[in-house]
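Here the protein sequences come in this chain order: A and B. Positions 1 to 422 (the numbering used here) are the ones given, in order, by the first sequence. Positions 423 to 660 (the numbering used here) are the ones given, in order, by the second sequence.
No wet-lab data here; the hints were simulated from the structure. These figures come from a predicted structure and were not determined experimentally. Some hints could be false.
[To be verified] Pairs of lysine-lysine residues, derived as DSS-like cross-links and limited to a Cα-Cα distance of at most 30 Å, are as follows: (1) A:LYS213 / B:LYS427; (2) A:LYS175 / A:LYS156; (3) B:LYS426 / A:LYS285; (4) A:LYS151 / B:LYS535; (5) A:LYS170 / A:LYS57; (6) A:LYS321 / B:LYS430; (7) A:LYS235 / A:LYS38; (8) B:LYS427 / A:LYS156; (9) A:LYS321 / B:LYS571; (10) B:LYS427 / A:LYS214; (11) A:LYS235 / B:LYS427; (12) B:LYS571 / A:LYS34; (13) B:LYS426 / A:LYS34; (14) A:LYS285 / B:LYS430; (15) A:LYS381 / B:LYS602; (16) B:LYS535 / B:LYS430; (17) B:LYS426 / A:LYS151; (18) B:LYS602 / A:LYS276; (19) B:LYS427 / A:LYS276; (20) A:LYS145 / B:LYS427; (21) B:LYS430 / A:LYS156; (22) A:LYS144 / B:LYS430; (23) A:LYS235 / B:LYS504.
[Unchecked claim] Residues from chain B that keep clear of chain A, each with C-beta distances beyond 10 Å, as calculated: (24) LYS426; (25) GLY447; (26) GLU503; (27) ASP508; (28) GLU527; (29) ASN575; (30) ASP599; (31) PHE646; (32) ASN650; (33) MET653.
[As the list claims (entries may be wrong)] According to the in silico footprint, chain B covers these stretches of chain A (three or more CB under 8 Å from chain B): (34) 20–27; (35) 140–147; (36) 174–185; (37) 274–283.
Even glycine gets a Cβ: it sits at the ideal position worked out from N, Cα and C.
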Amino acid sequence: MNTFLLILIRISYLISIYTLVFWFLTLTERDIFKKSSKRVKDWPTVSVLIPAYNEEKTIKKCVLSALNLDYPKDKLNVIVVNDGSTDKTADIVKSMMKKFPNLKLINLKNGGKAHALNTALKQVNSEFFACLDADSFVDKKTLKKMIRVFKSSDEKLAVVIPAMKVYKPKTILQKIQDIEYNTSILLNRLLSELDSAYVAPGPFSIYRTEVVKKIGGFDENSLTEDQEIAYRLQKNMYHLKQCPEAWVFTSTPKNGREFFKQRKRWDRGGIQTWWKYRELMFNPKYGNFGVMQMPLIIIRYLMGILALVSSYFFYIRPLIKLIHNLNLVGWDLRAYWRDAFRHGLFHNFSWLNLNFVNLFFIITSLTGTLILVFYAFKYTKEGWKLGRLLVLIPYIALYYLLQSIIVVVAFTETILNRRKEW
Amino acid sequence: MRRKKLFKRKYVLSAFITIIIFLLGISFGMIIDNMRIRYVENLNAQQEINFENLQLQSDYIDLLKSENSTNLCPAYQAVIEKAVGDLSDSLAKVEEYSKNNRVNEEDYARIQKKYILDNIRYWFLVRTAKKQCPMNTTTILYFYDSECKICPNQGVILSYFKKIYGNNLLVFPINMDYGKDVPVVLMIERQYNITGYPSIVVEDEAYRSIVGKDELSRILQDEFRRKNEAMRNGTLSS
């Protein structure tokens, strides 16, 4: 293998181990899982904004979950922003409005999620507002838990992030995402502790209205407005915090095509936002966000590219060589089978032949990752069943590679589009 | 100006722990590398013993020069085949180690030269043995070097036939990266007029370019047919 590539792989290993160690130190050093027990006498007003575009399948369940939140009804109102849906989304909401007076509907021409949120924001007078994606559902007790976090912090806390789980994972891809989302809950908890959260997820992040209005609302040109606003808040020295056990359930892509589309948008948006706020990189003024999180975000993308290049050397090139060799002997596999039968399949195997340095590195980083995943499942109060353990195999072996492919596509598209703009 | 929190102590502590883990990995690799060298040296020593044993058996059969001596041939042939098989296996291991830079370059060059000499010694021995005992064995000397891009193809084809004929086909690879300054190798090259690589010598016939699967199949079939006939007729094949 190319020495340069080997050096890059070793550097990636170093960064991965460093990050894992840093996270584990954060996990053990503080009582980061402590829930806020702040008693709130006078609950503040909250608006739940639900931007919706052709969501007839899930809108009713989503709106009901918001209306049924365990929260004083006179302090809670729900606004659905119909972003030019061509299905029955608006009709469904209208029919519900008769029963729920604190439910409002705004009809717009299709202009994107950020535009929908900004329009609704103009009508919001409550102290806090929540964004809720129309394909997500929120647990009854979540809102109070999250408001308690606001009440136990200072005015600089601008966003409280929920703990997002996958809603009824059915396909293998959804089950893999279930592991990813559960792990992300723990990672977001860590990032929150480091004041380094870089995304305020669509499903039920709660914002301090005054702050969001002050910084100019959501960026309508961004591909991922939830990442953009998080970066902007970080830049303006505000804090984002995750609330433990504030469960929100979201629908995830069922198949590869949907997954590819969603992740490509996230990655493109991620690259776009990172580039927009690149001045924060390594800037100690922005604390752990500038020094650790900004470099890690871009390293994650670069590592994705590296993983893909490495997979050529580890999987594709040996496969091409095997095909070439079999071609040389006219695809006569009998000779090899006979030989394997005669001498055993692994008669040429020698344990000394393994690359122990790489093996050591793989085992340590894999162990670190597995501990993190198991820790995450403990934190999210999810049990381990055999099925879930089996899903760990494709999660570790293939999922990162799949994501790497998407990263490369997103990177290429971003660069090509940028050139066009120039 | 307000600044955000930076956990400097934690950054330093993480760096310290990471370096320890990294150094642990590297040291672990170095220990295993040493084990590999010792293992390869042991393989070498074992080859020496095997060769001396074979040499003695050959001398013994030569000394008897009687009818009874042919009774010893099957056992002798089995030992030769096993020894050549072992030699080829251990060479494959050394090559695999070197391919991944897991054996020190100097050690590797020394081991390679030693294997060239061992291969030639075994090649001589098999040729001598065939004059003493009836053997259904074909030998191939295979010359290659790392600059030759198509040599690996010849290697694949030879390995394929080795799998088909098993111990009846004895392949002696000569890596010319290390054989260029070995006098006996140069002598053999001159004798068979070998000027480029890959080249193979099947028994006494030299082929000076890549020999494909079909052609080599025909050559080997002819060779084994000739040997079978010779064995049936009771004459020793050379």
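Taking the hints in turn, this is what the structure says about them:
| no. | hint | result |
| --- | --- | --- |
| 1 | A:LYS213 / B:LYS427 | holds (25 Å) |
| 2 | A:LYS175 / A:LYS156 | violated (37 Å) |
| 3 | B:LYS426 / A:LYS285 | holds (6 Å) |
| 4 | A:LYS151 / B:LYS535 | violated (78 Å) |
| 5 | A:LYS170 / A:LYS57 | holds (17 Å) |
| 6 | A:LYS321 / B:LYS430 | violated (49 Å) |
| 7 | A:LYS235 / A:LYS38 | holds (28 Å) |
| 8 | B:LYS427 / A:LYS156 | holds (13 Å) |
| 9 | A:LYS321 / B:LYS571 | holds (13 Å) |
| 10 | B:LYS427 / A:LYS214 | holds (23 Å) |
| 11 | A:LYS235 / B:LYS427 | holds (13 Å) |
| 12 | B:LYS571 / A:LYS34 | violated (64 Å) |
| 13 | B:LYS426 / A:LYS34 | holds (22 Å) |
| 14 | A:LYS285 / B:LYS430 | holds (13 Å) |
| 15 | A:LYS381 / B:LYS602 | violated (68 Å) |
| 16 | B:LYS535 / B:LYS430 | violated (55 Å) |
| 17 | B:LYS426 / A:LYS151 | holds (21 Å) |
| 18 | B:LYS602 / A:LYS276 | violated (61 Å) |
| 19 | B:LYS427 / A:LYS276 | holds (22 Å) |
| 20 | A:LYS145 / B:LYS427 | holds (25 Å) |
| 21 | B:LYS430 / A:LYS156 | holds (23 Å) |
| 22 | A:LYS144 / B:LYS430 | violated (35 Å) |
| 23 | A:LYS235 / B:LYS504 | violated (73 Å) |
| 24 | LYS426 | violated (3 Å) |
| 25 | GLY447 | violated (4 Å) |
| 26 | GLU503 | holds (13 Å) |
| 27 | ASP508 | holds (12 Å) |
| 28 | GLU527 | holds (14 Å) |
| 29 | ASN575 | violated (6 Å) |
| 30 | ASP599 | holds (20 Å) |
| 31 | PHE646 | holds (16 Å) |
| 32 | ASN650 | holds (20 Å) |
| 33 | MET653 | holds (23 Å) |
| 34 | 20–27 | holds (count 4) |
| 35 | 140–147 | violated (count 0) |
| 36 | 174–185 | violated (count 0) |
| 37 | 274–283 | violated (count 0) |
In this structure, the hints that do not hold are numbers 2, 4, 6, 12, 15, 16, 18, 22, 23, 24, 25, 29, 35, 36 and 37, in rising order.
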